[in-house]
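**Student:** Here is how the chains run, residue by residue.
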Amino acid sequence: MSAARRDTLLWLAQRWSAAVLALCLLVHLAGIIYAVRGGLTAAEILGRTRGNAPFALFYGLFVVAISIHAPLGLRAILTEWTLWRGRSQDLALAALAVLLLGLGLRAVWAVVQ
Amino acid sequence: MGATAGESSAQEEMLEVSVWHGTENGEFRHYRVPRRDSQTVLDVVTYIQRHLDPSLSYRFACRVGMCGSCAMTVNGVARWTCRSHVDQVIRDGRLEIAPLAHLPVVRDLVTDMRPFFDKWAQAKGRFQGGTTRNDPVARVPPDTPERRAVDAAIECIGCGVCYASCDVVGWRPEYLGPAALNRAWTLVNDVRDVSRLEHLKAVASEGGCLSCHTHTSCSERCPKKIAPTAGISGLKRACARAALRGEL
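Just so you know, the protein sequences line up as chains A and B, in that order. Taken in order, the first sequence gives residues 0 to 112; the numbers are from numbering that gives the first Met the number 0. Taken in order, the second sequence gives residues 0 to 247; the numbers are from numbering that gives the first Met the number 0.
Okay, chain B solo, but in the shape it has when bound (with noise of 0.2 Å):
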């Protein structure tokens, strides 16, 4: 059990609030937040490190759900931190907030995000262009079924929320996972890009999209909204067909 901190009037409703503390063999400690009205769980930790505990280490930046940095595990799920409202996701007056599932530990709520970005350098998921800046703008028009697949996934943030929801994720270390392999996904459709055959050789391989088993976690968590499932289903249709061709 951890110490508990916080002070409260008879007049303030409180929140308690759990945090991890340490690495990957830290604990919880527990803190008494006063509720606010539209409060976010960003919020309630900001609260916590300048009033109650200084030495809590967490990552934000942009505080508005543009950069991706403040995701964390809130009462066993992944979410975006500074746009999940208190009221969406208290249970029973509680809040358990802890770092990023399947990353390691760096501290507190902080996680080594590098596993997850080398997947996407991995997965290829660097845009390969073949023209120069002489070279005309290309006209990449809105309502193709390429355009129409690329703007259904662009909007990734990199918050990692998808990876630490992902089951085969934690299963199988070596899976590019959700993210990675949505990015891919934008660039195989990308008209621009010259080198659709070598994204899908470095997803169509063991622990790319074909370990997908479609539980739609990845889906159904993302803040932005994208079904990195739909673009992985696209990604397996995409290599079947290459490997039938005998071009992977």
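Isolated chain A (complex conformation) (with noise of 0.2 Å):
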């Protein structure tokens, strides 16, 4: 794949991943605002998250969509302001997109199962 290729389609999923949080954000605001009407406690919340599918399926997406946009973003800055860029760099930042991924989708299974 060509360098412009690449660096477009990068582009393209930082763009497309924040159309996904600007939606999944708002939901996430609607849904805390409904679901402290009643209190806040950890009991209501799992009564709520437990066997819940769409939740899962919507908190889900929301994690893989933190995750791609994050690091391309960190990327944009880390170049613009340090002199930190290269290969380096790439490994660093998948990294971090395994490790948000990761602890994002561990979050999200933890109030689900």
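Read the hints as simulated data drawn from the structure, not as lab findings. Virtual Cβ for every residue (Gly too), placed ideally from N, Cα, C. Please note that a few of the clues may not be correct.
What the hints assert, rightly or not - Pairwise CB distance ranges (calculated):
hint	chain 1	residue 1	chain 2	residue 2	range
1	B	212	A	98	24 to 34 Å
2	B	87	A	79	49 to 59 Å
3	A	12	B	144	23 to 33 Å
4	A	24	B	127	41 to 51 Å
5	A	98	B	193	44 to 54 Å
As the list claims (entries may be wrong) - Not close to chain B: a few residues of chain A, all C-beta gaps over 12 Å, as computed:
hint	residue
6	0
7	2
8	8
9	11
10	19
11	20
12	21
13	31
14	80
15	92
16	97
17	98
From these two lone chains plus the hints, build me the complex, please.
**Tutor:** Shown next as structure tokens:
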């Protein structure tokens, strides 16, 4: 794959993940406002999330979008504000993407199972 | 602090002018220049050079906003000086005149424009036709979207004001900048050009159109009222389509 195509596809991935995040954030905020109306206890939250497949799918999508968007945004910031670039930067940010994905999906699984 | 030079009479209104001298390690020198009606910033600089400090170096040619050679930083903002009236830019009776930002300073108000124009070459800003002089002249209808896009962007005079105003150029020295990308946009829309994909490949990589933050400083400052931001957005869309089709 040419560098031009790779860079453009990464840019598109960041734009599309941003669009997904914008929608997810609205749903997430509305969910928070709805959820706290009757008090906020661990039992109540788990009662709503356990075995809730739509919840798992929604927050799974949220986590995937974050895992794509955040490392790519950080890549642009690092390139603009520091001298760090190249393969070591790519590997570090790929590791960050995997870390965000792992931690996020683990958190979703913890409240759904 | 620099030296103060200039003479005044009791009747004359005077401008307080600070002008950069030296290279990157220079200093501002202060002058008092007589105020005139319809006076441009270039008139002020010329007065200083002819009457107060013959050593002052600056660049100009046409004086009517066509050649793009007299751009400088005036009170912190990049402008063409030949058509910037003192009335429009003066602050508290003072003018501060410095060389354009983001370019090496040769001396005083003269910058080295090579990095700026080298990026036009990097952006493949050269027309590549597919016909010879023996072929008929191409007819390009003026109301097609491509022609309209070219018309909106083609009047660039290469003054460097957009380049000096762009934050991304300051952050990423390899960024091609608004003028080079605007030039590429005119060629991508030129139906006579046969290297459309080559232009897109040149601007899609690291430091190309995808690095633009859409701050729109270039569009705000362009003295020819061109909107490079719009062209750069067009390049982003064209690159995205080409990448999805596997053409890049």
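**Student:** Has the hinted range 49 to 59 Å been met by the Cβ atoms of residue 87 of chain B and residue 79 of chain A?
**Tutor:** 33 Å, violated
**Student:** Against chain B, does residue 80 of chain A hold up as non-interface, every C-beta pair farther apart than 12 Å?
**Tutor:** Given a closest Cβ separation of 7 Å, the condition is violated.
**Student:** Residue 92 of chain A clear of chain B by more than 12 Å, beta carbon to beta carbon?
**Tutor:** Holds: least Cβ distance 14 Å, greater than 12 Å.
**Student:** Checking a non-interface call: every C-beta of chain B should be farther than 12 Å from the C-beta of residue 8 of chain A. Is that right?
**Tutor:** Check fails; 5 Å does not lie beyond 12 Å.
**Student:** For the range 23 to 33 Å, tell me whether the beta carbons of residue 12 of chain A and residue 144 of chain B fit it or not.
**Tutor:** 28 Å, holds
**Student:** Any Cβ of chain B at or closer than 12 Å to residue 11 of chain A, or is the non-interface label fine?
**Tutor:** Non-interface label fails for residue 11 of chain A: nearest chain B Cβ at 5 Å, not farther than 12 Å.
**Student:** If we take the beta carbon of residue 21 of chain A, is the closest beta carbon in chain B still more than 12 Å away?
**Tutor:** 17 Å, holds
**Student:** Looking only at beta-carbon atoms, does the pair residue 24 of chain A, residue 127 of chain B fall within the given range of 41 to 51 Å?
**Tutor:** With a Cβ separation near 45 Å, residue 24 of chain A and residue 127 of chain B satisfy 41 to 51 Å, so the hint holds.
**Student:** Would residue 19 of chain A pass as off the interface with chain B, using Cβ distances and a cut of 12 Å?
**Tutor:** Check passes; 17 Å lies beyond 12 Å.
**Student:** Are all C-beta atoms of chain B more than 12 Å from that of residue 0 of chain A?
**Tutor:** 9 Å, violated
**Student:** Is the nearest CB of chain B more than 12 Å from the CB of residue 98 of chain A?
**Tutor:** 24 Å, holds
**Student:** Verify that the Cβ of residue 20 of chain A lies farther than 12 Å from every Cβ atom of chain B, and report whether the claim holds or is violated.
**Tutor:** 18 Å, holds
When each numbered hint is compared with the structure, violations occur for hints 2, 6, 7, 8, 9 and 14.
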